[in-house]
Amino acid sequence: MYEERFYRSISKPDNLDCYEVQCKETDLFCCTRGNFHGFIMGKVLFYRNQIEEYIKSRPEFRDSLVPVADDLFAPRIAREMMEASRTIGIGPMATVAGAIAEFIGRDIAPLSEEYIIENGGDIFLRTDAERIIEVYAKDSPFSEKIGISVKPDDKPYGICTSSGTVGHSLSFGKADAVCVIGKSSLFTDGLATYIGNIVKKKDDIPMAIEKGKAFPGVKGILIIFGESLGIWGDLEIVEI
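Convert by adding 55 to the 1-based position in the sequence shown; the result is the number in my numbering.
Calculated from the structure, these hints are not laboratory results. It is possible that part of the hints are untrue.
Simulated pairs of lysine-lysine, DSS-like, Cα-Cα distance not exceeding 30 Å [unchecked claim]:
| no. | residue 1 | residue 2 |
| --- | --- | --- |
| 1 | LYS229 | LYS256 |
| 2 | LYS79 | LYS256 |
| 3 | LYS274 | LYS210 |
| 4 | LYS255 | LYS210 |
| 5 | LYS200 | LYS256 |
| 6 | LYS193 | LYS256 |
| 7 | LYS229 | LYS193 |
Just so it is clear, the structure is predicted and the values come from calculations on it, not from any experiment.
When you get a sec, could you build the whole thing from the sequences and use the hints?
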């Protein structure tokens, strides 16, 4: 069932061209200096084809909920997904949305110094100005009332969200939103899933944060469970 993209929550920057790029399950919201719709569509087709063809030869890459053995002959995007999933302890497809966002961001970086690539709530961006990412957490009183301030940086951010109550992605937890901020959207996508799986009640929030912050490259974690909120790291939360 289709669910409206409530998490498409970065307002369109005045200094960037913003547009959507859609192909099957991939639904990107892109903001760049100039319109690169055709270029990005070509990259989406390229990476999707690599993943789809690899799955044909190795179905466990798609189906496994735990890490799978490395394959030196796999496409680079699949290898990085497998590497991240082994580090976290999840199946490789838990990183796929963030992986596509990050690989598109890497490709667009030589063409646009500033970019925002969002794929189903998973964001890879590099920004020269402060951006506010609104947090959607379904029925929680915090939903659409708070946002995460992203400061300018010459290095990219990976900002990914997992939910046990929103969307179609598999989650074994019940958190309304788990947001992870780090250096890589491929990695933070998988880590948000891992942390989200832990949170089945509000009392699980401290343990989930402790487990999540132990991974390298994590800058911040935000967990919303109904009326409960957990925050760790270099995060500025703002009212909207």
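Right, here's what the structure says about each hint:
1. Of the pairs offered as hints, the one joining LYS229 and LYS256 holds, with about 7 Å between alpha carbons and a cut-off of 30 Å not exceeded.
2. For the given pair, LYS79 sits about 34 Å from LYS256 by alpha-carbon distance, which is inconsistent with the 30 Å threshold.
3. In summary, the hint linking LYS274 to LYS210 is supported, as the alpha carbons are separated by about 13 Å, within the 30 Å threshold.
4. The suggested pairing of LYS255 with LYS210 is violated, with an alpha-carbon distance near 34 Å, which exceeds 30 Å.
5. Between LYS200 and LYS256 the alpha-carbon distance is near 22 Å, which keeps this suggested pair within the 30 Å criterion.
6. The straight-line distance between the Cα atoms of LYS193 and LYS256 is roughly 16 Å, inside the 30 Å bound, and the hint therefore holds.
7. Note on LYS229 and LYS193: the hinted pairing holds, with a Cα-Cα distance of about 12 Å set against a maximum of 30 Å.
Violated hints, in rising order: 2, 4; the structure is consistent with all others.
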